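Respectively, the protein sequence lines represent chains A and B.
Going by this note's numbering, the first sequence opens with residue 52, and the numbers climb by one from there.
Going by this note's numbering, the second sequence opens with residue 52, and the numbers climb by one from there.
If you are wondering where the hints come from, they were derived from the structure by calculation, not from laboratory data.
These figures come from a predicted structure and were not determined experimentally.
No copy labels: a pair is met if it fits in one copy or bridges any two.
Only pairs whose alpha carbons sit at most 27 Å apart, straight line, appear in this in silico BS3-like list of lysine-lysine: (1) Lys-66 to Lys-53; (2) Lys-265 to Lys-236; (3) Lys-265 to Lys-234.
Listed below, chain by chain, are the residues.
Number of protein chains: 2
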Amino acid sequence: MKTMGLSELVLVRPKIFPSDEATARASGANDILERATVADNLPDAIADCGFVVGASARLRGLQWPVVDPRRCAELVWQQIPQNRVALVMGPEASGLTNEDLARCQQLVHIPTQPEYGSLNLAMAVQVLCYELRMAVDAGRVQSEEVREAPLATAAELEGFHAHLERVLRDAQFLHPDHPRQLKLKLRRLFHRARLDQNEINILRGALAALDPSKTSRGNDEP
Amino acid sequence: MKTMGLSELVLVRPKIFPSDEATARASGANDILERATVADNLPDAIADCGFVVGASARLRGLQWPVVDPRRCAELVWQQIPQNRVALVMGPEASGLTNEDLARCQQLVHIPTQPEYGSLNLAMAVQVLCYELRMAVDAGRVQSEEVREAPLATAAELEGFHAHLERVLRDAQFLHPDHPRQLKLKLRRLFHRARLDQNEINILRGALAALDPSKTSRGNDEP
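Pulled out of the complex, with its shape left as it was, chain A reads as follows (with noise of 0.2 Å):
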């Protein structure tokens, strides 16, 4: 929860709490377990609660409107500027009963193997906050690599192939009779790696060290 951004939890009927294991297993979260609070039944859990969503693994014979955790977290977040949203799961073993599932105005039901569906509790509500947390940053998150300098200009790349080709050339790695292809494939490959000033630098300084006809060839000659 703590992770993903959330920090309301209320426990229905808690079997032991507060829990040393559980305050132990919270490390770095313990804030959210000294500030939950504790209900007698679920409907005094959910009572000041504007949408109320439960989390359900059985699908058959459901006819409740059922939604996947990409589209329970839009429809959370629709209802957060004006309402209190709850986000109900089950007990570990048990799960929601009928009866909690009917006080629920949705549920969702997080996809899996058929043959073998059956999350753990921690695993669910990781997943459910999961989505939460992403239809916040929706996909904000996502970064290109961050660059040290701007993207190789067309010009600059222009004199890198012409140096690349030239030195390919002189060591006798194209050929004059069939260059194209491979000059080609060269040219998509380095254009896959959006090269940038720095990189082609790099590149430019290692074909220069590299150049077969180069006049102050190295240590080896005399």
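Following the hints, complete the assembly by docking chain B onto the known chain A.
Same frame as chain A, now just chain B:
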């Protein structure tokens, strides 16, 4: 893993394996543990994989391409038809090392609260597997550029980088005193290009032709 439809697990130097505790906890998913294989190191574990994604909690200062789990799932499904794909997760306490991450073509980061951002390993696995499952259902997998050959495997990429580094060292372009950053930049650039096997062959052919230490140096030498 199993609830989300994944079945192949490779463990790198597990402390205990097989483990009674792990088997007991894997209720109903023992088959995955039974079929799990053990590798001595990460390069061995990913050797036959064409697309290697590493999970990273740390973003600061990292300049590798990073995507969120949703985009990661799209990228994985794009590669699946032609390539073996590895999703690499670090150990619980420490995560992947920088050296591990440098072997991944792509990093994935699960968005979290900035002030409390560290997910348990199990939770991170759940989120990434969940997104892979959701992406199957969504069925909206974009197609990448058509390749003439499968992507280079991790072992082939290592072979290329070793060749490149050796040749550049012989050409005195890579210096022993500050080689690391430059080597990483070269890796990153070629990771971004997602080299296929034809391209690896082209580049290694070019390196062989440019190798300053080759005996048959070329026409311009006596």
